[in-house]
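Colleague: Chains A and B, in that order, give the protein sequences. This note's numbering numbers the first residue of the first sequence as 1 and each following residue consecutively. This note's numbering numbers the first residue of the second sequence as 1 and each following residue consecutively.
None of these hints come from the bench; they were simulated from the model. Treat the hints with care, as some may be off.
[Unchecked claim] Lysine-lysine pairs mimicking BS3-like chemistry, simulated, CA-CA at most 25 Å apart:
1. B:Lys-31 with A:Lys-455
2. A:Lys-158 with B:Lys-234
3. A:Lys-458 with A:Lys-495
[To be verified] Simulated coverage check for chain A against chain B, where a stretch passes if three residues somewhere in it have a Cβ under 8 Å from a Cβ of chain B:
4. 136-145
5. 396-408
6. 505-515
Where a beta carbon is used, it is the ideal one built from N, C-alpha and C, also for glycine.
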Amino acid sequence: MKYHDVIIVGGGLAGLRAAIEVNMHNLRAAVLSKVYPIRSHSIAAQGGINAPLGNHPRGSYDSWERHAFDTVKGSDYLADQDAVVRMIKDASARIFEMEHWGCPFSRTPDGKIAQRPFGGAGFPRTCFAADKTGHMLLHTLFEQAVKYESAAERGEMKIYNEWIVTSLVVENGVCRGVIALELATGKLEAFKADAVIFATGGAGRLYSNSTNALINTGMGMAVPYWAGVPLKDMEFVQFHPTTLYGSNILMTEGARGEGGYLTNNKGDRFTANYADSRKAMEVAPRDIVARNMTTEILEGRGFEDAYLLLDLRHLGEEKIATRLPGIRDICQKFLGIDPVDQPIPVQPGQHYTMGGIDCDKDGLSKVKGFYAAGEAACVSVHGGNRLGGNSLLDTIVFGKIAGEHASDYVVGKADLGAGDKALEDALAREEEKLKKLLSSTGSEDPSVIKEEMQKAMKDDVGIFRTKEQLGRALQRIRELRDRYKKIRLKHTGAKYNYDLMWNIELGGSLDVAEVIVAGALAREESRGSHFRRDFPKRDDEKFLKHTLAYYTPDGPRLEQSNVNLDHWAPKERKY
Amino acid sequence: MADITFKVFRFDPGTDSAPRFDTFVAPLFKKGLTVLEALFYIQEKLDGSLAFRASCREGVCGSCAMHINGKYRLACETQVSELGSDGVIVQPLGHLKVLRDLVVDMEPFFAKYKYIKPYLMPGSPSPEREWPQTVGEHAKVMPSIDCILCACCHASCTVTATDPDYLGPAALLWADRFARDSRDNSLDERLRLVDQLHGIWRCHTIFSCQEVCPKDLDPTGCIADLKRKAMKRKLFGH
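One chain only, chain A, in its complex shape:
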């Protein structure tokens, strides 16, 4: 059994920021990551990170109040306002800290961090490093982790590369650690910890049309869910308006922030034809643009009934080369087109999981010593719809906060190092489960189950939803869950068994998918990204509430919880 003071699961931005914070508190931190941390999905974030720095000439009147209000309004009032205020008040400090640690942000002519306009924001407040902001931030945090991995003046910092956490161990409402599988050996190991922070990212790969990395299977949400921690607001799934046709690789909102047009097969900038995007046009919030694009395609104004065009040609080669080099590169490599000469074929695609592990504004869940941060968590600061540029902010602000609170909790904890028995029992249970999976002689092919799940989610739990579709999807997912019990692995070896890894995770994906569908079915209103054709209006009386989903063997048990409305009264969301 391994023992660290605080274990962080996930090595993306939130996880590394939390680990650095724990390390700063002179505690022994360990990061368990199923990939090398710099392979985490944070690396793929493009457009930028929001803070009211006021560095842009048109941003000098920006303030934390305005940024917080835009976030709350963008969330369709489902975000917890106290949490949003906390995030925004910390925003500038966190970004300056990243800059001090070496993050190569793009610059204004007077040498400050450059900012660009983004959807749903009153001012240009999205700080960026070309269109590779996630890459630059993640490398910066990885560099800091490397620095302190070997620094004697701080607590121990250890990174476990390529370990998959399969179980969270909770004993009488107190977190005791995790059970994890080492990919290199195929062995399970118990990790004792006085606090555990999950920063495992989103669940995009429940859908076939996602921008997410292949590793974003939702397993990191399933593990605490199985241990009794509720998932919150999972029905809120963000569809990004502009993903590359075919592969659904992200084409940053920054492309529109820099002035790109969206056009239909008549050559019209159609966003002008919809009441909710008439004013902001292409830089209206994501839920609105994605819906309007889908309507264009459904009404026959798309190309091949599948895509629209993102036109950057008028921006000119110099601007594209300096501000959007990454997406130019992707277009050239994946489609063989250069956006300098040709418009980019784009379609909306799954992009972000607003919901996640239920936690409060300290990152703490209902289980003592168990925290969550970043996309895996639902504080909630994004509510029904996240604004572009707020997710990177969420990761570093709440990564730090979770690390801080977990450290304080450990320092004050009376029964340090307790829980051996619970961990040993859990390890034995996991070993039994693994043995069963490896020796299963069932007839189901898991890759088929995965494909069917992804298709059901794409077809029936997408941008526009109805009771009929959701009912069908729920039935389908439940049927797939039953079939999953009878899968047969193609490979039963111990070392680097990727067949085993992907298919352990498939079990998590199916349960998280069920939570999304059940939540969407129960929420009989339209709010943010969740649009019900059969209930097209927002219903604050019944649904200005978070959805909490608790695991039961027969499917999720749903409850509601209150939304914090300390600062602004809900109003109709108009742009």
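Chain A is already provided as a structure; the job is to place chain B on it using the hints.
Modeller: Quick look at chain B alone, frame taken from chain A:
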């Protein structure tokens, strides 16, 4: 639907006496099919024992670097049709120990990266806001900051083949990236780490690294830059 023949390097050092190539036939089942998608097809439909790393599938995370039809590249951004052949040969990264199939031991690669102190060392307390940096100063760290640590350069380098202690193109590129940063103030320390037997002088300027870099970076040029800086230090003391 045309069929493509994949010859894939297979090796489990624990059980196999020698590596071998397995042959798989996969249909060209979609337009723009990438080598990574084909490998997943093989893993999911033909042989679940095939081991390879993957994450972002869009050329930014650096997981799936491998040797494909004669060149080190990222499997995810290499389209089968672009290879101009109905046969695809896939091998693991070179100069790194094979752990299984296409999975190699990345530790020596990362150890070198860590050795050069890959983090900003400003040498003075941070200001309240950002460090001022002009657009021109910022441009000096570009494009090296795009490095994704995929190790294509390391695998292609003929010097890493003969000197296992050679710091290699990736680590040296990162040393240069920080040496170029106007906010960094530790050139002496950076040069001390690389101005040594297994450091910058080992580079024979063969340009293999630059040729294979999926991000079109120029590690050879970065190493030359460090050599110039080191010589200047020695001759003129600055």
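Colleague: Does each hint hold? Answer for all of them.
Modeller: Here's how the hints hold up against the structure:
1. The hinted pair formed by Lys-31 (chain B) and Lys-455 (chain A) meets the criterion: a straight-line CA distance of about 19 Å does not exceed 25 Å.
2. Restraint check for Lys-158 (chain A) and Lys-234 (chain B): not satisfied, since their Cα atoms lie roughly 38 Å apart, outside the 25 Å limit.
3. The suggested pairing of Lys-458 (chain A) with Lys-495 (chain A) is violated, with an alpha-carbon distance near 34 Å, which exceeds 25 Å.
4. For the region 136-145 of chain A, the proposed coverage by chain B is satisfied: 4 residues have a C-beta within less than 8 Å of a C-beta in that chain, meeting the threshold of three.
5. Counting residues of the region 396-408 of chain A whose CB lies closer than 8 Å to any CB of chain B gives 0, which falls below the minimum of 3, so the coverage claim is violated.
6. Only when three residues or more bring their CB closer than 8 Å to a CB of chain B does the claim for the region 505-515 of chain A stand; here the count is 0, and the claim is violated.
The structure fails hints 2, 3, 5 and 6 (numbered hints given earlier, in ascending order).
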